[in-house]
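Construct the entire structure; sequences and hints are all you get.
First to last, the sequence lines map onto chains A, B, C and D. Each step along the first sequence adds one to the number in numbering that gives the first Met the number 0, with nothing skipped, and position 326 is 325. Each step along the second sequence adds one to the number in numbering that gives the first Met the number 0, with nothing skipped, and position 310 is 309. Each step along the third sequence adds one to the number in numbering that gives the first Met the number 0, with nothing skipped, and position 306 is 305. Each step along the fourth sequence adds one to the number in numbering that gives the first Met the number 0, with nothing skipped, and position 288 is 287.
Treat the hints as calculated values from the structure; they're not laboratory data. Don't take every hint at face value.
[What the hints assert, rightly or not] Incomplete in silico selection of chain D near chain B, CB under 8 Å: (1) Val179; (2) Ala188; (3) Phe260.
The beta-carbon is built from N, C-alpha and C at its ideal position, and this holds for glycine as well.
Protein chains: 4
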Amino acid sequence: MRIGIIGATGYTGFELIKILSRHKNVKISAVTSDTSAGKKISEIYPYLSNICENKLLPNNFEQIQEIVDVVFLCLPHGASQEAAKYFFEKGKLVIDLSADFRITDATLYESVYKTKHNAVDVLANSVYGIPELFAEKIKGSKMIANPGCYPTSVILPLYPLLKDNLIEKNMIVADSKSGVSGAGKTPSAKTHFCETNEDFKPYGIFSHRHNPEIDFILSDASPQTHVIFTPHLLPVNRGIESTIYLKKNCNFSLKNVLMDFYKDSFFVRIRKDDSIPSIKDVAMTNFVDINIFENGKNVIIVSCIDNLIKGASGQAVQNMNIALGFDEKEGLL
Amino acid sequence: MRIGIIGATGYTGFELIKILSRHKNVKISAVTSDTSAGKKISEIYPYLSNICENKLLPNNFEQIQEIVDVVFLCLPHGASQEAAKYFFEKGKLVIDLSADFRITDATLYESVYKTKHNAVDVLANSVYGIPELFAEKIKGSKMIANPGCYPTSVILPLYPLLKDNLIEKNMIVADSKSGVSGAGKTPSAKTHFCETNEDFKPYGIFSHRHNPEIDFILSDASPQTHVIFTPHLLPVNRGIESTIYLKKNCNFSLKNVLMDFYKDSFFVRIRKDDSIPSIKDVAMTNFVDINIFENGKNVIIVSCIDNLIKGASGQAVQNMNIALGFDEKEGLL
Amino acid sequence: MRIGIIGATGYTGFELIKILSRHKNVKISAVTSDTSAGKKISEIYPYLSNICENKLLPNNFEQIQEIVDVVFLCLPHGASQEAAKYFFEKGKLVIDLSADFRITDATLYESVYKTKHNAVDVLANSVYGIPELFAEKIKGSKMIANPGCYPTSVILPLYPLLKDNLIEKNMIVADSKSGVSGAGKTPSAKTHFCETNEDFKPYGIFSHRHNPEIDFILSDASPQTHVIFTPHLLPVNRGIESTIYLKKNCNFSLKNVLMDFYKDSFFVRIRKDDSIPSIKDVAMTNFVDINIFENGKNVIIVSCIDNLIKGASGQAVQNMNIALGFDEKEGLL
Amino acid sequence: MRIGIIGATGYTGFELIKILSRHKNVKISAVTSDTSAGKKISEIYPYLSNICENKLLPNNFEQIQEIVDVVFLCLPHGASQEAAKYFFEKGKLVIDLSADFRITDATLYESVYKTKHNAVDVLANSVYGIPELFAEKIKGSKMIANPGCYPTSVILPLYPLLKDNLIEKNMIVADSKSGVSGAGKTPSAKTHFCETNEDFKPYGIFSHRHNPEIDFILSDASPQTHVIFTPHLLPVNRGIESTIYLKKNCNFSLKNVLMDFYKDSFFVRIRKDDSIPSIKDVAMTNFVDINIFENGKNVIIVSCIDNLIKGASGQAVQNMNIALGFDEKEGLL
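Here is the structure:
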């Protein structure tokens with residue numbers, strides 16, 4: 000299969016290139032960037048010299064569609080809609096890493112992102128790409144919305160528990176911490192080294208856009224679930240750790256429920272012992288590491304991912320693998 | 000006043016020396032260490048050359064008591080009891096930075112620390128040294144238990160709210176993150192650079208010793224308060240950020256309550272606007288920065304301190320200043 | 000004395016405010032910023048709440064000169080010339096933290112900074128402000144050029160050795176490493192957290208502007224001295240370490256020469272033993288820590304400073320103290 | 000081929016397992032550790048769950064030799080000698096990551112390492128494993144001494160220049176900086192997080208053991224070459240940057256010499272433009288990135304590697320690939 004990466008110069012594009020260069024069944028045919036077109040991607044990322052020597056193409060979709068079978072969209076939300084619509088209508092497999100196709104309720108999307116949705120017909124075809132939960136829908140799909148990084152870490156442990164009504168659905172707190180790469184590659188005061196290094200703080204209190212995404216997907220497991228979600232900026236390059244507080248409804252072990260639910264999911268590792276997952280256990284991998292601690296009705300879940308891999312580009316490739324019938328793990332080990 | 004610092008080579012001793020070297024009303028007469036006695040403290044910390052050229056003395060209390068009026072105990076819990084008892088009985092002002100005199104219920108202390116308390120009579124005289132809450136007791140006291148770092152960050156914002164019964168006292172979650180200096184100066188696998196740098200994780204889930212300390216002090220504000228407290232190890236040298244989740248009982252603004260309660264407390268800065276406190280705003284200072292965010296009944300408090308200053312040595316000096324009638328701020332700006 | 004800080008919102012302005020707030024003999028009367036005028040400096044740096052509550056004034060020099068006796072200029076090179084000229088002609092003590100008045104040879108300045116020097120008359124009055132070398136000229140001066148951070152770390156150990164012709168003056172290599180705050184507060188790709196954290200690299204090879212500054216000042220000790228100087232970007236907030244390689248000309252100990260030369264310089268600490276100075280020994284202080292290692296004719300010097308204190312704002316205050324006859328250390332401990 | 004990793008719980012063992020798990024032509028049959036025998040390696044490194052589920056075996060060489068064809072020795076220097084001798088005599092391919100077989104002059108080895116060499120016969124068979132320089136000897140060898148991390152970064156750019164007598168061989172300064180993983184996994188004061196984070200300093204001035212190793216190998220290119228080498232501890236997990244200062248002897252471009260010499264070496268990337276190599280360009284890879292800057296006779300070389308990959312485990316696998324006739328790149332991309 001021939002791959003196109005649209006908007007390839009950001010961090011998710013860079014990770015996609017690293018992963019896909021190792022992938023046996025695909026070939027990167029197009030990497031694009033309007034601002035850097037004409038340069039080689041290895042000039043932007045010298046890391047890629049001798050690994051990927053593609054030249055960046057401008058975002059001329061007509062030309063690109065002729066040379067690709069699969070497109071990964073690494074565009075800002077809003078901008079993704081037009082691109083997704085174009086390639087979807089050409090029959091390509093579209094995997095969108097923006098937020099544009101995650102919340103399939105257009106009204107909710109518009110209220111959260113303060114912008115009209117201009118591809119509502121495509122939205123109706125969109126599948127939310129957490130393979131461990133929605134593999135059946137992903138197989139054969141042509142329009143996959145790749146999940147947000149924070150939502151991936153929060154939804155994976157909660158979904159099975161909510162589905163079986165084992166926990167209080169309105170007393171969930173998710174205190175999440177992310178490495179700085181989650182904020183992207185564009186310099187800003189917030190991500191200036193001296194402001195972030197040796198610092199730590201929450202942001203987006205009661206207002207982060209991943210909160211409605213989390214609630215929307217979890218409400219599929221149990222209607223009207225609401226999580227109190229607070230993201231924090233962690234002075235590391237990559238990784239997310241979510242500490243999730245909840246009350247259980249039942250008297251049996253939730254740990255067994257999770258272990259059973261994910262027993263065939265290669266990339267979900269529920270700890271058997273009482274060790275505590277850590278960002279370094281999953282950094283640079285597509286794994287999510289989870290453990291659950293129960294103390295009477297009080298429950299604490301710890302969930303860790305690499306925000307750029309399982310939280311973005313790795314999961315995107317995992318979605319592609321499933322959609323196209325490849326081995327789920329191809330390129331990801 | 001002549002000062003003795005018992006166990007001066009750890010991080011809290013180092014910070015005490017830095018602060019007290021700037022203090023107008025005191026003189027450091029004794030710094031002690033059994034393992035490094037005979038060396039100058041500036042050999043251990045070259046930072047202190049030209050600032051403090053004291054030689055480390057062995058822990059011979061009989062000799063030390065002759066040359067000091069105030070002692071700061073920077074010893075491990077357990078070891079502090081004997082030293083506190085000795086100096087207290089000699090009539091010295093004792094400020095203990097260990098956990099030995101914080102929980103004045105000996106039975107509770109023993110169940111948490113798994114060791115007998117051997118100075119129960121002194122324990123009865125001990126005052127918990129958060130000056131903004133207990134200044135009246137601290138004035139003229141001779142035995143001050145300096146609070147834990149995490150408890151300082153959690154108790155300060157919650158105490159006034161619990162005292163006035165404005166919040167649910169059994170639905171409080173405190174998700175706290177601390178810099179590595181909180182773990183002390185002794186090398187361990189946990190604090191090895193490569194294990195901690197670029198990593199992040201919780202620890203002591205449902206079992207950290209600061210949890211009973213928090214509950215014990217807050218129950219003084221409102222009986223049987225219980226906080227679900229989870230500490231995390233942050234890859235920075237210093238600072239604590241606590242994100243506290245709670246439900247309020249009332250319909251008016253809790254922010255006004257906090258601002259009013261702390262209006263005369265120089266070192267407590269309640270944010271007037273909706274900015275979010277950050278570790279860098281308080282690092283290397285004795286301030287605690289707090290803001291409170293209210294969304295219906297859901298409330299999130301952000302509380303930041305420097306774990307070694309307001310969470311240890313700075314608060315210890317603030318306690319000394321109050322106990323001896325000095326300006327509360329002396330040495331701390 | 001009434002102090003004005005022109006361009007107060009950058010890192011050197013911030014450090015000046017912290018230091019001067021502790022200074023017994025001065026009062027900050029004006030802090031300025033064109034872009035943030037009207038705001039309080041504590042809104043920009045919440046760290047300063049309760050410490051400095053001054054409002055930022057626009058750069059209206061006519062109004063400012065009425066309320067200040069001393070001005071610290073924290074402006075970009077080029078912009079400093081006009082401000083220095085204005086305040087110097089009004090008879091104020093001017094301490095310029097930019098590069099505009101360091102190289103008193105206007106032709107050399109212009110070739111290095113690629114801009115005309117518009118205050119050549121003031122330049123003629125300028126003193127290079129390393130107090131340990133040029134105190135006599137600084138006393139009573141009205142125009143002090145505060146040295147560059149890298150040059151401070153390199154010049155201090157080399158000047159006495161060159162002056163006495165003890166080393167080869169054209170076989171000196173200075174391999175210097177600086178924390179990121181040296182690059183200032185404006186976000187850029189170079190200082191974006193994810194690009195700098197966990198990375199390390201040299202920059203400005205054979206071309207950094209501090210190289211001519213180093214050569215110009217050292218040539219005052221020994222004509223036509225040339226140092227091969229390479230700066231590197233270190234993933235820490237602050238601090239400079241310079242490892243300096245040279246050949247000695249003589250058979251006696253250079254260490255004794257340095258110890259003797261700096262025996263009365265409080266802020267220069269030449270190590271007596273063979274311990275190696277480290278950034279953490281000087282961070283947040285005005286000290287420079289130096290040691291020298293001799294192996295036959297091969298010599299290695301290690302020199303460490305805090306780039307924002309001894310390398311900028313601390314040295315600026317030290318210069319003010321000397322110029323005005325205050326205790327050199329006031330505000331700096 | 001069946002692989003044994005002796006002393007598998009340290010950082011080089013961990014990296015070997017990650018690399019070899021991806022390798023098409025081999026299978027890990029034995030991972031050993033005396034202190035952790037019986038545990039799974041994935042209990043020590045949860046990162047490895049689902050990737051390598053081998054149990055750690057005790058160092059019973061007799062049993063191990065039956066199940067392996069290749070052994071990687073990740074033992075401290077000194078301890079490696081006996082193991083190497085044992086497996087070498089059994090006809091296994093031995094790749095030793097310690098310092099024991101790098102300096103093939105036993106007298107020099109003993110004077111540097113202050114310990115007798117007990118496998119002098121094996122030493123005589125040892126090949127220094129920088130594949131880009133010594134591939135011919137590595138092919139078919141049974142005893143490969145894997146180079147030190149610092150030496151790899153310094154020798155690669157200098158060897159071709161010295162061989163052709165293009166540079167002064169006694170005026171070379173190598174100022175090298177390494178991430179903390181170079182110090183290994185055992186906690187120590189030096190590698191305690193709070194001591195290393197936000198700090199930077201040189202160590203081993205005029206005395207580091209990699210200096211004789213560098214001189215010994217480079218003297219093979221040009222007799223009696225001596226480099227002044229100074230290592231520094233960089234507050235990052237991994238990576239080495241060496242800034243090398245030298246004088247050239249000739250009037251033509253050394254850059255062309257390096258580009259030509261390494262034109263067929265996949266893992267050596269000589270920059271074509273004047274960009275500066277950076278640790279992040281090579282971290283987690285087996286590449287060495289080099290650029291050379293010439294200014295008259297003065298030359299500065301910048302050389303970057305990942306200390307655990309090209310500086311240890313990656314190069315070890317590259318050596319195995321060459322010795323066994325596999326594709327040099329297998330497992331390393």
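Tell me, in ascending order, the numbers of any earlier hints that this structure violates. Hint 3 contradicted; others consistent.
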